[in-house]
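Novice: Residue numbers (my numbering), protein chains in the order written: chain C, 1 to 262; chain H, 1 to 257; chain V, 1 to 267.
You can trust all of the hints, since none of them are fake.
Computed footprint of chain H on chain C, listed as stretches where at least three residues anywhere in the stretch have a Cβ under 8 Å from a Cβ of chain H: (1) 67-78; (2) 86-92; (3) 95-106.
Hint data in this document are derived by calculation from the structure and do not stem from the laboratory. Note that CB positions come from ideal geometry on N, CA and C, so glycine has one too.
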Amino acid sequence: MITAQHISKTYKVSKRDAGFSSAFKALFRKEYEYIHALNDVSFTILDGEMVGYIGPNGAGKSSTIKILSGILTPDAGTCRINGLIPWKNRIEHVKNIGVVFGQRTQLWWDVPVLDSFELLKEIYRINTRTYRQNLEQLCHMLNLSELLKTPVRQLSLGQRMRCELAASLLHDPAILFLDEPTIGLDAVSKLAVRDFILKLNKEKHTTVILTTHDMQDIEALTSRIILIGKGKILLDGSIHDIKKGQESTEEALAAFYRSHDI
Amino acid sequence: MRLYGKFFMMHLKSIMEYKTSFFLSCIGQFLVSFNVFLGMYFMFQRFNNVSGFTYEEVLLCFGITLMEFSLAESVARGFDTFDSMVKQGDFDRVLVRPRNEILQVLGSRIEFSRIGRILQAVVMFSYGFAVSSVRWTLGKVLTVLFMLMGGTIVFCGIFLLYASLCFFTIEGLEFVNIFTDGAREYGKYPVCIYGKRVLLFCTFVIPYGLIQYYPLLYLLDRGKPYYCLLPAAASLFFFPCLFFWKLGVRHYTSCGS
Amino acid sequence: MKKYLAFFRLRFSMGLQYRTAALAGIITQFAWAIMEILMFRAFYQADASSFPMTFQAACSYVWMQQAFLALFMAWMMENEIFDSIVNGNIAYELCRPVNVYHMWFARSLANRFSKAVLRCLPILLAAAFIPAPYGLMLPESPGAFFLFLFTLFMGTGVTVAFCMLVYMISFFTLSPQGIRMVSVSVVEFLSGATIPLPFFPDQVRSILELLPFASMQNVPLRIYSGDLCGTAAWQAAGLQLFWLFALFSLGRIIDALAMKKITVQGG
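Use the sequences and the hints to build the structure in full.
Specialist: So this is what it looks like as structure tokens:
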């Protein structure tokens, strides 16, 4: 179970204007700006739940994901995931989570996929039996058997994403964070990824937290959404809460963003 | 250790995909440090000693320093590109894995083309030994081993310090070069030739002198007996570096990237 | 011409933005210069009669070398150019209405000058306040100073023309990094970056002085420090002109071949 209470996070960034003279001025004096990335955010996610975490760019999505995965320490607030505080018990905590960053890869570019998997086996200290079992199961579910011997640089984006998913799940995590898993994928690959996530949730009861800009992902996968804007939670409920009548989800969401001026 | 071995094999496999490039880089690496030797060689064509050290003695010093640096480099080069790791957010990936961060960073980059440099170091090291007029005893051989170990640890410490600084700022780290490449470059001569102030700095701030100049005096029968133990003292330098690293990781997790 | 100037301005203000980087660079170069001078001092003290130039000239040489490092260092090649050759982004460059060779040449010049302008002043100022013989001395005459400025530009031109050769050769090989490293270490040594050319044995030096590498930093730095003067200085400047022309022409020839290769074989 994930409980987050009153989490806040503020960043200090230096201000820079374009242009020659202001660049010169910045040589002598630097101005700072404070950005409230998260402002009193609270939610609870139960085991086995699938949650879509959505919001416009810069709303605080990735800060939340970073805090939940132990990478970032918040300024205020508490968070417990299966009894552990992510940023305090980081090493213990990350044994139980899997993370997929859609725009980055954790696979090694020049070697066959299987070699990357073997390295992960070592990193997570997965025992050989569990590893074999999981690998077989994931290969079956994601249809990877053809790909394992191929160097990553020769894979298409869709094939790579399937491998990324497998790589994040080899150690049987109880919670899976997906950061824009379908970005840039073609229709077939998107459907494959969605099917897999659904199946995973059903069969292994894995908790899935998903950030995406693709509303079809949300519709296909999650019954619950948490909508964040300007560091605050604006909605914790179902996509139907913002949908009125015939409009598409995309239009509904855009209207919602506009009405909250974000 | 096993994990590091695994990382090692992965890098080896990757590099085998680009054999020609690898080979040429090795030669390049070899040539780069060869320049330093040639420069020194030509200087001694003109002058027959510097601060009382002959060519043969300086060569021994150069061989040992280069060896120390190359050993440290082949272990800790992962830290060298750490700024880009922080910039691109790849350090996040390290943090979401349940293993020691330093080990993972070290494993993230192992440069085999440094073999060129190590080869160069071995050649210089052996050459320095062959021409030196040192009367070898067991104690002196042990001192050389001591120097190599202490030196590798000190250079690793500096690489670690560099990486720790990356957590606070990713620009302006060029000046650390003075302490890594600069130390290799100027460490070819015993540090005392640069004058008293530099020697003081290299004794008490960053202990280059303890892994190079003082034990060298011992090898040449000019120093006090306890000089042979100084490389061990130099290894203590690693602890403040480690402390900085821990501080850096904490800063990273509290400020983000 | 106007677009190249615009590019220069852009680079320059970009350089200004990274003030920490610039400051760190200045400190680094300052420290290198001090170490270099201390090393020369040790040799000077060991045997002053074998020192091939005055000690003060050697110090000025070192200060100027560090101040204008960005102009002459062969390893400051642009990764972007190598990358675009290797990954095929060169196709974009070919779509623009400018000659690739000219554009990269101008761009490299802009890059080097903007870096140098930003960094040289603080170093020169500080060095001027360091007492003799360790500090930076003034050139002997206004004439020598103007010849220094002229050869400074020429030397940068030769350096960039040489780097262009390396870029152009990269079109024909799979591994630009290897060639780059080998050529950089050769240039470093033969141009007097490792030790100034006067410190080489005389026969070796007289050959090295004829090579294009001597036309890079060797000529302007030695003219400034007064080690090279009179007719010898003018001859050296003439040789610079010749090498600039020769390397530039050679680069254009390889450029033409490379373009043919790209358009015929599709990269």
